[in-house]
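Each chain is listed here by its residues.
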Amino acid sequence: MQFQKEVEISAPREKVWQFIWDVDRFISCVPGCKDAKTIEEGKRYTATMVEKVGPFKVEFPTMIEVIEREELSRIKAQASGADNKIGSRMKVDLDVSLRTQDDKTILGFVAGVDILGKLAALGHGIIKRKADQVLDEFAQAVKQKLEGDS
Amino acid sequence: MLRRFRLEEPDSVTQVSELLGRFGDNAKIYAGGTELLLAMKEGLVRYERLINVKGVKGLSDVVVDNGTVRIGALCTHRQVETSSMLQQKLPALVKLEQNVANVRVRQAGTIGGNLCFAEPHADPGTLLMALGAKMVAEKSSAKREIAAEEFFVDAFETSLEADEVLTEIRIPTPGANSRSAYLKFGYLERPSVGVALALTVNAGTISDTKIAVGCAGPAPRRVAEAEALFDGKGTQEAMRNLPAAGVIAGRAAEAISDLHGSQEYKEHIVGVLLKRAFQSLVS
Amino acid sequence: MSKAMSRQRDAQFIPVSFTLNGRSQEIEVEPHELLLDVVRDRLGLTGVKRSCDVEVCGACTLLVDGRPVSACTTLAFEVRGRSVLTIEGLAENGKLHPLQQAFIEHGGFQCGFCTPGMILAAKALLDEIPNPTEEQLKHFMHGNLCRCTGYKKIIESIMAAAKRMRSKA
Numbered sequence: 110m111q112f113q114k115e116v117e118i119s120a121p122r123e124k125v126w127q128f129i130w131d132v133d134r135f136i137s138c139v140p141g142c143k144d145a146k147t148i149e150e151g152k153r154y155t156a157t158m159v160e161k162v163g164p165f166k167v168e169f170p171t172m173i174e175v176i177e178r179e180e181l182s183r184i185k186a187q188a189s190g191a192d193n194k195i196g197s198r199m200k201v202d203l204d205v206s207l208r209t210q211d212d213k214t215i216l217g218f219v220a221g222v223d224i225l226g227k228l229a230a231l232g233h234g235i236i237k238r239k240a241d242q243v244l245d246e247f248a249q250a251v252k253q254k255l256e257g258d259s
Numbered sequence: 047m048l049r050r051f052r053l054e055e056p057d058s059v060t061q062v063s064e065l066l067g068r069f070g071d072n073a074k075i076y077a078g079g080t081e082l083l084l085a086m087k088e089g090l091v092r093y094e095r096l097i098n099v100k101g102v103k104g105l106s107d108v109v110v111d112n113g114t115v116r117i118g119a120l121c122t123h124r125q126v127e128t129s130s131m132l133q134q135k136l137p138a139l140v141k142l143e144q145n146v147a148n149v150r151v152r153q154a155g156t157i158g159g160n161l162c163f164a165e166p167h168a169d170p171g172t173l174l175m176a177l178g179a180k181m182v183a184e185k186s187s188a189k190r191e192i193a194a195e196e197f198f199v200d201a202f203e204t205s206l207e208a209d210e211v212l213t214e215i216r217i218p219t220p221g222a223n224s225r226s227a228y229l230k231f232g233y234l235e236r237p238s239v240g241v242a243l244a245l246t247v248n249a250g251t252i253s254d255t256k257i258a259v260g261c262a263g264p265a266p267r268r269v270a271e272a273e274a275l276f277d278g279k280g281t282q283e284a285m286r287n288l289p290a291a292g293v294i295a296g297r298a299a300e301a302i303s304d305l306h307g308s309q310e311y312k313e314h315i316v317g318v319l320l321k322r323a324f325q326s327l328v329s
Numbered sequence: 108m109s110k111a112m113s114r115q116r117d118a119q120f121i122p123v124s125f126t127l128n129g130r131s132q133e134i135e136v137e138p139h140e141l142l143l144d145v146v147r148d149r150l151g152l153t154g155v156k157r158s159c160d161v162e163v164c165g166a167c168t169l170l171v172d173g174r175p176v177s178a179c180t181t182l183a184f185e186v187r188g189r190s191v192l193t194i195e196g197l198a199e200n201g202k203l204h205p206l207q208q209a210f211i212e213h214g215g216f217q218c219g220f221c222t223p224g225m226i227l228a229a230k231a232l233l234d235e236i237p238n239p240t241e242e243q244l245k246h247f248m249h250g251n252l253c254r255c256t257g258y259k260k261i262i263e264s265i266m267a268a269a270k271r272m273r274s275k276a
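So the protein lines, in turn, are chains A, B and C.
Sequential numbering of the first sequence, starting at 110, is according to this note's numbering.
Sequential numbering of the second sequence, starting at 47, is according to this note's numbering.
Sequential numbering of the third sequence, starting at 108, is according to this note's numbering.
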């Protein structure tokens, strides 16, 4: 599943870039994400993703790895996790980009999400909607946190 | 094999509600089990306790009461499909129930359970919405009516509170010139697209139109924008508005592309079913 | 699973008194046990089959109080106080039921895997509608799948049995 989002933030690029690396604040913007930990600064992090669709609940202990980094403009990362209770795995390939437009920063996400295992039984469509929702809420939360500060 | 769980067998709605309140996410109401047990077998959900509500009396009656048809939440699909009273008052609902799943599922599965599990690919919710149904939700201290439009929130999600129990479905008895139809389409085990249409025709003019679409998206939805293309119109004009109404209803379905078909395909089928439903009611 | 293994400190056992093929039974089951497993593994009646395991195919059809249920998705304790009929209980004193006879005479089965469920479902149909139209038959039997016969012979078998049962009645 592929997702693409862009959010316009009324804050300078440096500020947005710094925010991304402030792991606790950044992770707190991801709905259902908790217990963020830095394993290797700038390279490896862990967190727990908890998502619910009606009665179906998943808890993915997630490993996040930063693969590429272009100062102030791009981050390529991979997140993966498994919920052994439900027998499902998740993998996300994330491409984050920053660019300036007038006096605003455009934060862009391109995410490739794979859900494997039993959870897929729920139906591709429902998972897609959920993932879309999560990304939407995430983008909005980042925007609010950054704009609220200025 | 199912994981081990404890069985609770309360005999009143209050007790059920209290158990739900006490055990929260670790307990679940169990009636026919036709959806719940499948999810449990798949390992998609697990519960420490199942609350067998079938011991609570008075929840499986079909009664007509002062112009309202009242169907107990614990009525099985089979009970609804074989009710001569419902065949008289709500023939479209009886026809729908006759075609739910297969005879074994209909034997065990309850209409209340079907509504509460809120599986997107299900039939009853869509027609109940077009019939102006209200769901009665009870808990220890209170009782309230939830309009069908507000009942279905999302896939597998209703607006019932954690300790609320669906006890009854109330449907206003249709008037003399009122007609309704439910058409569905599917080639997999569960329906892919469902359209319900209810309207009244008086001296060639249509009124009280209710259109609901289901199965294609995460939850059944009323389509007021399409209804406006029929209300107050003569039957000929309404017929000319059918294609436009179909497009609006298709979009309102919030169709998701999945194994049942692409979004475009489902939206198209919504239009087709709406047209056929209309033609069956207004010839 | 032996009783010793399953009798944990706080395991819950539900007494189930029921009639199985006309005979009284008294067993104890845990709430999570499925009827299909109890009938096949504990009671040794293997005519009922596990096939799709999601109540779709009908190979696990049993009659409880004369009505068809999916044993794969029925909790065993639910048959307490009820009568259960399996395919093994259909013949009386070695004499085949008209449905069984008809399936043989009219070629209503090939591999035979769907057949116990098919025959039991047909019995429930004919008990309810002794003279069904083909449409009624197909509608009732819609949930019993067969991968071998293409259904034509099954329909013929059931119709023939219905005729014989009506003439005897």
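Don't take each hint at face value.
[As the list claims (entries may be wrong)] Pair ranges (Cβ atoms, derived):
1) A/245 x C/214: 27 to 37 Å
2) C/249 x B/135: 36 to 46 Å
3) C/255 x A/217: 32 to 42 Å
4) A/121 x B/208: 26 to 36 Å
5) B/234 x A/129: 58 to 68 Å
6) A/140 x B/248: 49 to 59 Å
7) B/248 x A/217: 15 to 25 Å
8) A/212 x B/322: 52 to 62 Å
9) B/49 x A/242: 27 to 37 Å
10) A/213 x C/249: 23 to 33 Å
11) A/245 x C/124: 54 to 64 Å
12) B/297 x A/200: 26 to 36 Å
Source of the hints: derived by calculation from the structure; they are not laboratory data.
Where a beta carbon is used, it is the ideal one built from N, C-alpha and C, also for glycine.
Hints versus structure:
| no. | hint | result |
| --- | --- | --- |
| 1 | A/245 x C/214: 27 to 37 Å | 59 Å, violated |
| 2 | C/249 x B/135: 36 to 46 Å | 26 Å, violated |
| 3 | C/255 x A/217: 32 to 42 Å | 56 Å, violated |
| 4 | A/121 x B/208: 26 to 36 Å | 45 Å, violated |
| 5 | B/234 x A/129: 58 to 68 Å | 43 Å, violated |
| 6 | A/140 x B/248: 49 to 59 Å | 50 Å, holds |
| 7 | B/248 x A/217: 15 to 25 Å | 56 Å, violated |
| 8 | A/212 x B/322: 52 to 62 Å | 56 Å, holds |
| 9 | B/49 x A/242: 27 to 37 Å | 30 Å, holds |
| 10 | A/213 x C/249: 23 to 33 Å | 60 Å, violated |
| 11 | A/245 x C/124: 54 to 64 Å | 56 Å, holds |
| 12 | B/297 x A/200: 26 to 36 Å | 32 Å, holds |
Comparing the model with each earlier hint shows violations of hints 1, 2, 3, 4, 5, 7, 10; every other hint is respected.
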